[in-house]
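Undergrad: The residues making up each chain are set out below.
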Amino acid sequence: MTTDATVTAPLDGVRVLELTDESADYCGRLLAGLGADVVKAEPPEGSPARTVGPFLDDRPGDDGDRSLAFWADNVGKRSIVVHDDTEIGDLAAAADVLVHTLRPAESVRRGLSFDALSARSPGLIVCAVTPFGQTGPWADYLADDLVLMALGGSMAACGYGPTPDGTYDTPPLAAQGDQAWRTASTYAAIAVLAALAWRGEPDRRAPAHAPTPQRGQFIDVSVHECSASMTEWHLMTYLCSGTPYHRGPHPTLTAADGRQVAALTPDFLGPHVFTRMLEMLEAEGVAGALSDPAFADPGHRARHYGEVWRALKRLAAKHDAETLYRLGQGAGLPWGVIRSPEEVLDDRHLAARGHFVDVGHPDLDRTVTYPGAPFVAHGFPWVMHRPPPRVGEHTAEVRSQWTLPR
Amino acid sequence: MALLVLRFGPSSGRSSRRPPGPAIPDTNVKVHTTVGPVTTEGRGTDAVAPDGEMALTGLRILDFTRLGFGAQATLICGCLGAEVIRVESTRHPDAIRVMPPFVPEPGERGEGFGAATLANATGATSANRGGIFYKYNTGGKKSITVDARHPKGLALLKDLVSVSDVVTESFAAGTFERWGLGYGVLRERKPEIIYVSMCGFGHSGPDLSHVTMGPTAQALTGLTFMVGLPDRPPAGWSFSYLDHVGGYLGAVAILAGLLHRRRTGRGQHLDVSQLEPATALSGALLLDALVNGRPSRRPGFPTGNRRLHPPTAPGGAYRAAGTDQWVVISCRTEAHWGALLTAIGRPSWTADPRFATLAGRVDHADELDTLLETWTSQRDRYEVMDRLQAAGVPAGVVQDAADRLERDPQLAARGHFTALSNAEVGPLPLEGVPFRMSATSPRTGGFLDRGPPCLGEDTDAVLEDLLAMTPDDVGRLREEGVLS
Numbered sequence: 004m005t006t007d008a009t010v011t012a013p014l015d016g017v018r019v020l021e022l023t024d025e026s027a028d029y030c031g032r033l034l035a036g037l038g039a040d041v042v043k044a045e046p047p048e049g050s051p052a053r054t055v056g057p058f059l060d061d062r063p064g065d066d067g068d069r070s071l072a073f074w075a076d077n078v079g080k081r082s083i084v085v086h087d088d089t090e091i092g093d094l095a096a097a098a099d100v101l102v103h104t105l106r107p108a109e110s111v112r113r114g115l116s117f118d119a120l121s122a123r124s125p126g127l128i129v130c131a132v133t134p135f136g137q138t139g140p141w142a143d144y145l146a147d148d149l150v151l152m153a154l155g156g157s158m159a160a161c162g163y164g165p166t167p168d169g170t171y172d173t174p175p176l177a178a179q180g181d182q183a184w185r186t187a188s189t190y191a192a193i194a195v196l197a198a199l200a201w202r203g204e205p206d207r208r209a210p211a212h213a214p215t216p217q218r219g220q221f222i223d224v225s226v227h228e229c230s231a232s233m234t235e236w237h238l239m240t241y242l243c244s245g246t247p248y249h250r251g252p253h254p255t256l257t258a259a260d261g262r263q264v265a266a267l268t269p270d271f272l273g274p275h276v277f278t279r280m281l282e283m284l285e286a287e288g289v290a291g292a293l294s295d296p297a298f299a300d301p302g303h304r305a306r307h308y309g310e311v312w313r314a315l316k317r318l319a320a321k322h323d324a325e326t327l328y329r330l331g332q333g334a335g336l337p338w339g340v341i342r343s344p345e346e347v348l349d350d351r352h353l354a355a356r357g358h359f360v361d362v363g364h365p366d367l368d369r370t371v372t373y374p375g376a377p378f379v380a381h382g383f384p385w386v387m388h389r390p391p392p393r394v395g396e397h398t399a400e401v402r403s404q405w406t407l408p409r
Numbered sequence: 168m169a170l171l172v173l174r175f176g177p178s179s180g181r182s183s184r185r186p187p188g189p190a191i192p193d194t195n196v197k198v199h200t201t202v203g204p205v206t207t208e209g210r211g212t213d214a215v216a217p218d219g220e221m222a223l224t225g226l227r228i229l230d231f232t233r234l235g236f237g238a239q240a241t242l243i244c245g246c247l248g249a250e251v252i253r254v255e256s257t258r259h260p261d262a263i264r265v266m267p268p269f270v271p272e273p274g275e276r277g278e279g280f281g282a283a284t285l286a287n288a289t290g291a292t293s294a295n296r297g298g299i300f301y302k303y304n305t306g307g308k309k310s311i312t313v314d315a316r317h318p319k320g321l322a323l324l325k326d327l328v329s330v331s332d333v334v335t336e337s338f339a340a341g342t343f344e345r346w347g348l349g350y351g352v353l354r355e356r357k358p359e360i361i362y363v364s365m366c367g368f369g370h371s372g373p374d375l376s377h378v379t380m381g382p383t384a385q386a387l388t389g390l391t392f393m394v395g396l397p398d399r400p401p402a403g404w405s406f407s408y409l410d411h412v413g414g415y416l417g418a419v420a421i422l423a424g425l426l427h428r429r430r431t432g433r434g435q436h437l438d439v440s441q442l443e444p445a446t447a448l449s450g451a452l453l454l455d456a457l458v459n460g461r462p463s464r465r466p467g468f469p470t471g472n473r474r475l476h477p478p479t480a481p482g483g484a485y486r487a488a489g490t491d492q493w494v495v496i497s498c499r500t501e502a503h504w505g506a507l508l509t510a511i512g513r514p515s516w517t518a519d520p521r522f523a524t525l526a527g528r529v530d531h532a533d534e535l536d537t538l539l540e541t542w543t544s545q546r547d548r549y550e551v552m553d554r555l556q557a558a559g560v561p562a563g564v565v566q567d568a569a570d571r572l573e574r575d576p577q578l579a580a581r582g583h584f585t586a587l588s589n590a591e592v593g594p595l596p597l598e599g600v601p602f603r604m605s606a607t608s609p610r611t612g613g614f615l616d617r618g619p620p621c622l623g624e625d626t627d628a629v630l631e632d633l634l635a636m637t638p639d640d641v642g643r644l645r646e647e648g649v650l651s
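These protein sequence lines are chains A and B, in that order.
Just so we're aligned, residue 4 is where the first sequence starts under our numbering, counting upward by one.
Just so we're aligned, residue 168 is where the second sequence starts under our numbering, counting upward by one.
To be clear, the hints were calculated from the coordinates, so they are not data collected in a lab.
Just so you know, these numbers come straight off a predicted model, no measurement behind them.
Even for Gly, the Cβ is constructed at its ideal location relative to N, Cα and C.
Any given hint could turn out to be false.
Across the chosen pairs, the derived CB separations fall in these ranges [claimed, not checked]:
id	chain 1	residue 1	chain 2	residue 2	range
1	A	P296	B	A339	43 to 53 Å
2	B	P514	A	G114	42 to 52 Å
3	B	R433	A	H303	16 to 26 Å
4	A	P252	B	E573	26 to 36 Å
5	B	A339	A	W312	51 to 61 Å
6	B	R433	A	Q404	20 to 30 Å
To give an idea of the interface, some chain A residues facing chain B are shown, with a C-beta separation under 7 Å as derived from the structure [what the hints assert, rightly or not]:
id	residue
7	A122
8	Y163
9	Y241
10	F378
This is chain A alone, in the form it adopts within the complex:
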């Protein structure tokens, strides 16, 4: 244990070299937020992620600086241009962590396998994020986020319900926003943190050539496995019942203004849930049949769930969605108005928690608002003051600061 008042963030001084495509850039964003020095190694023409839209003012430009997709996942990082794999090897030897998205064969061919890197730098943690992991019959298969949402199972579970004859006229649906990739990137960050905790800390203030702790290791993240792990009750329901879930609508009320509110009525949390809901519905004058004492019995409610739902629809018809959301919450119900991503910015609660952060983009002479800390840590700040880097913006300073070994 060291006590050092200058250390503020958990990963202050930890060097992360990033050789990722857009499937795993989000990992480095999280590590940068925790204070790591995340350096993106890019070819002279820039990371392929810079070619993914949407673009600033819908103009892709030719300098790689206008991709909003790149901005979203690379805010807080630095960039260095590398011309060959020897340079990457040198950078890796000076780093604590390398996060990459190379397939096994490619990392071997390029001299960037864990064995090769580790022989030179035994303390190096290498985290490979690949669609299917390093092994297995699908290891060389191709996949983007959509394919991984399909194979992982969340897609089969999402979509509109069947038509009255029981057949589906709409496909299963995958969420926008690259959720399988983001889940895997988050797991990658967790694995890196755990590996750092086990390895021990770098000590950059020690005299020259102080050895990094010699306990690096290789982390193998399969996006497919990460995606397959995130469907909550679906696996257990199949194991328990022998029948997989068939996709269908989730409980949603349409308010008087046409907007929707997710409206769960979780009876399983206890009898107070219905009691408080009924009080609210009676105060609103829409309880109807629910005032019948028979409805106090959960079995009766389950058999006559249509009555419960009709009362809720009467309530929804009276109010706009925002009011409906707050009425439900006032009665202790876990209701939430369905917002588009940009509507979340207006949330007073997140604003009060200081969640969104304005980051200066001096090149553009403007600031851009980004989602900030994923939790409120009372003991350290979330680090997010750098805008997403231009290609090679920090090449000289990284070379000098990381003092490349030779």
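For this one, chain A is given, so just place chain B on it according to the hints.
TA: Just chain B now, kept in the frame of chain A:
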């Protein structure tokens, strides 16, 4: 939960493991670990030598989380080697211990989990058969039962705080403090304690009293909106994605708190809500609205399975042979398209000049999808996937839970599922953390290699080992109702 009858108590039945239930489907689960010694006579679970150090070996988490969100975080830590001690109550058991779907008795078929059963979660006869509990409580978690409202129970919990590194809880804001276990009290007992609260809206802000479940937070943060076909209401998620994501960030908070403490010697309160972990998940959609003034709430958006960035066509889910069977195909490049043509044998429609360029295929995606589906719909979904993949086209079956367990050769080869049981249930194919580490391999059964705990099964062992109590001490506390 007055109907609850405990089948498995801390003082009886420890070795009465039931035979595996036949309702568990015949899966391709690779059983790559032996089941832990939960049925060993006596209380010697700690006597089993772990067969390798793990990343978080030696870290002790006193875990008061419930349901999914909080428990996901400590599951991850348990799989990484931490000792996770769930503090539970026999009178108010974790809802997922006692709600459907239930792990069936041998020879029975269990009930599914849907709206009707949601509304009627009664009739549980055991605190150890709630199916969803088994999703969120691997990692070798232990379970003790202590009545925090009993003065002696509270004192005992404070003593456990003194010997723990991390305290986690997922109650409504203020609850833990009312019990007499707020951060101020924890810090008094152990100045360097890392306290991680996981509560829907967190522990500060004007809407502090709001309650969430996964779908609530998904609605409020834009995630529900992001699943749907154009010009229809959102379809949303049929599961609590944010229980998982929130839990991942809970694990990040625990690990960050740990690394910070290593450097500074200081503990802290980390306040994890179910909202903040979600806002970055919309990626560029948010920036497109903010920077370009193009709101997501606009005609034609969201675009179902179509992806606008990068432009992809054909791209989406296509019907395969069979009832409601689908396969995803995703062609972002000319190389993908060329490979697709080869794989499907260049039927005449593929020569249509409208499809000659990616831009043309994007502009005529509806026609293209219809034509491609004439090919996919004649064929088995796995055959489509394998044939396209062999040619170099990103493609994948839309797999459900049964497919993942029984038909996915990749998950099987990777040892994704681990067969674990406990004294009442099992073995079940369960999940842990979905990554591998070469030196400190995570284990779904945690450092003890055991299944999710029966309610209270570790009470005696934990109190005797960590607080140096004698069996008589523990017996007296049980008689006084402290351990309920």
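Undergrad: Any hints from earlier that this structure breaks? Give me their numbers in increasing order, please.
TA: Hint check: 1, 3, 5, 7 fail, others pass.
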